[in-house]
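Asker: Construct all of the structure, not just a fragment, from the sequences and the given hints.
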Amino acid sequence: MTYIAKPSLHHPSLERNSVGFTRRDYEGRISTLCAGCGHDSISASIIQACFEIDLEPHRLAKFSGIGCSSKTPDYFVGPAHGFNAVHGRMPSVLTGANIAAKDLIYLGVSGDGDSASIGLGQFCHAVRRGVNMTYICENNGVYGLTKGQFSATSDKGSKAKKGAENKDSAIDLVMLALQLGATYVGRSFSGDKHQLVPLIKGALSHKGTSFIDVISPCVAFNNHVGSTKSFDYVREHNEAVNRMDVITPRAPITADYKAGELKEVVQHDGSILRLRKLEDDYDATDRNAALGYLARKASEGEIVTGLLYVDPDASDLHDGLNTVSCQLNKLTDQELIPSLSALEKINDSLR
Amino acid sequence: MQPTDIRQPDYFHKVVDCQWACPAHTPVPEYIRLIAAQRYADAYMINWKSNVFPGILGRTCDRPCEPACRRGRVEDEPVAICRLKRVAADNKGEVAHMMPPKAVKKNGKRVACIGAGPASLTVARDLLPLGYEVHIYDGEAKGGGMIRTQIPRFRLPESVIDEEVNYILAYEPVTHFGKRVDSLKAVLAEGYDAIFVGTGAPRGRDLDLPGQKEAGANVHIGIDWLSSVSFEHVDKIGKRVIVLGGGNTAMDCCRTSRRLGGEDVKVVVRSGFDEMKASPWEKEDAQHEGIPILNFLNPKEFTHKNGKLTGVLFTKMGWVEKDGKRKLEPTGEPDVHLECDDVLMAVGQENSFPWIERDIGMEFNKWNMPVVDEATFQSSIPNVFFGGDSAFGPKNIIWAVAHGHDAAVSIDLFLTGQDVKQRPPPGVSMMSTKMGIHEWSYDNDVSLDLRYKVPMVENEVALRNVKVEVEKGFDPLLGYKEAQRCLNCDVQTVFAGPICIECDACVDICPMDCITFTENGEETELRERLNAPALNLTQDIYVGDGLKTGRIMAKDEDVCLHCGLCAERCPTGAWDMQQFYLEMTHAGCGGNPPQRTRAPKPVAAE
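The listed protein sequences correspond, in order, to chains S and L.
223 is the number that this note's numbering gives to position 223 of the first sequence; each next residue is one higher, with no gaps.
247 is the number that this note's numbering gives to position 247 of the second sequence; each next residue is one higher, with no gaps.
Just to be clear, a hint being listed does not mean it is correct.
Label-pair restraints from in silico Cβ distances [claimed, not checked]: (1) L/Ser447 <-> S/Ala100: 39 to 47 Å; (2) S/Pro12 <-> L/Asn383: 48 to 56 Å; (3) L/Pro100 <-> S/Tyr3: 56 to 64 Å.
Keep in mind that the hints were calculated from the coordinates and are not lab data.
Each residue gets a CB set at the ideal place from its N, CA and C atoms; glycine is no exception.
Answerer: Shown next as structure tokens:
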């Protein structure tokens, strides 16, 4: 743990985004996680993504549960709203907040324990309801805070630090999210910011449930030979299906591409997801094909990463409930309490 | 790019910008840390060893270190290195016992130093403890040279000069003070084994304008006038004074005039204010004392009436673009007449060697300067060496000291039968500062304070007496706060690729975005695509290899804060913060670099 604050001095060329902030303005407090923790890289990616999409910090609401990963919202976008829920109950709290104040941008940060063990039910229901949120699972396959027991996402056959082998099947949260109807699904690796930052940007600007599973090696308990979530293993078995660039509606389009198949997906808010295919037969808009591909690759021991599925015309929980356009927490007595004449009308209809 | 060879002493030396820029290569961060630790005597001794005159330089140095200071690249102003040196000198207490002992036995070799300025005194200090019999000649009655004659007392009290000159005289050289040397031939005839010429640039340039002959009584050459003031031959000047010239001597002239009765004192320069040679802080100090600086005026004539100076006539000048070059030319506007009672000319200094006979076999160049080797300071007569302003023209004290050290090395090599061209390498050491998981032997919490101003005596008091030192200096508390602004650039980020797991923790934590893990490439192209573009080409890129993915670690040294957070956040210890200590080799090492002579830890009082 580092005791001193990160100095506020910065590189002289540090840029400001269109809402007047530097990337450093999106930082939070200094991390108290172990040195080298993958989660810190994910926090850095969230910071970079928020800076790049010109997010005003007060428009972001961060939610988390319990665990190493759930500590991280303290380490990015300090001025944003935040709620640290009880273990595994973050999805419900986030859903409630989203119902009340739908205009905020919702970011849930959780881990494999918080999402796949104690909070699995909560996770499933939030996804199947289509809550408009970005849900990031910082997945290290181990209970780091309790010294390295296997978690529910540990692969069968993976070895613990002391050599014990995991006999249980793993829960694949990406497959689960696809089956439950998530409309933006990706997987990435904390050690690959070039892939992770655009995925987070696309997720934050996606309307509907976005889920990103980020494999994040635990340097203290799950970064050894025999682990399937170590830096070395993930780098060796990482199979990216595509590379993505996110072009926000405000940003000028300047990217210059070499020949190769490009697929452009225009999202609800006007942002464009530019997908450059790395895998010829992979179509990121076909949910069933994605499920099949993922199952096949998983059996081969490969870790498929990239934007795995997106439905740009997705609807969300509020569409389903047909709520009014005004944020519910802004409705006043005038809108909520029927007038005397309206009451009489109702009473009349019942007579 | 090739992986960086950090075993080359120059690589990390360059990262310590202040030390690299200092002609004497004083280990600046080390002594600043000692000041913060209130170990003033130890801080003083590091300076004394390296630059011989810490108290004098702490008030008067031209501070090449400060424009180089990394702090000036990450915020507005550099660390006040020069004035921190003075804090060490002001608070050191007794230090004589820490200096090298007098030679027990003479080695039988006699060396003459001509001139008792900073270069000669440095040669004497380096050679005396080795057993040389050193003779120092000077026309003045006391040692110090231009330090004593040209620097006004309100900037440098005489007691400070006496103290630091006396540390050298305590080694008992044979002094021939009050005896101006007027023939090198005669000195050669004395049979010295080696002669060092450190006679400075003692002649002030004369403008020789119309009217000067008639009004001559009130037209003075700046450095001569300053030395007359120093020796108290002159104690007043007219009410209206014009100082011609824009260098530091001009600033000393105008500020001295203000203290000797000058009420309406002006500095007039030929070029623009920004092009003036004076250090920015000296211009600031002059303006603070109510002295206007008028620019773009070229003196044309001294006006006079009845044999008395009445003023100076100036041509108006301006910049003109000609063939893509900027030239200073008259604008054609009407001349300007400024009235005054006295004029001080501070328009440059020259070397002067009328006392060196041209028939003794010494080679002179086309500018009528002796030919001197730039590395060995040897002249064309093998046992005659030069240094300070007399070697390559006017510079400043710290350059004179650096020359003196090098000339002393040459003299020692020469008189022990070695090759003067084989220069001894500096002594270099690297030592980890790691004390615990996140503890270092230096304070890595970067201070965000802005540069502190040195307290000054108010003008009403300062302008009344030329001997009142105008700067009060930092007190220990301010000195501590200013010392904390130092970024400890000598504590180096040392990278070990083979144990790096490429987790990006260092990249994420680095406040200055210095570190990038990327594919290797050509330097120019690589500099552009780092996490923050490395556009300062004077600063190196540290390239580390041996990574599992085949990428490289590229660190731009430019604005690294040396905060050690990369090493704190590194899970494998691939980053270490190691203190780099470089000490110049002075005379007497017989070709062996010095052993690390770190200040000893203080002994608890009994």
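Asker: Determine for every hint whether it applies to the structure shown.
Answerer: Structure-based check of each hint:
1. L/Ser447 <-> S/Ala100: 39 to 47 Å: Since the Cβ atoms of L/Ser447 and S/Ala100 sit about 45 Å apart, the hinted range of 39 to 47 Å holds.
2. S/Pro12 <-> L/Asn383: 48 to 56 Å: Holds: the Cβ-Cβ distance is about 52 Å, inside 48 to 56 Å.
3. L/Pro100 <-> S/Tyr3: 56 to 64 Å: 42 Å Cβ-Cβ, so the 56 to 64 Å window is violated.
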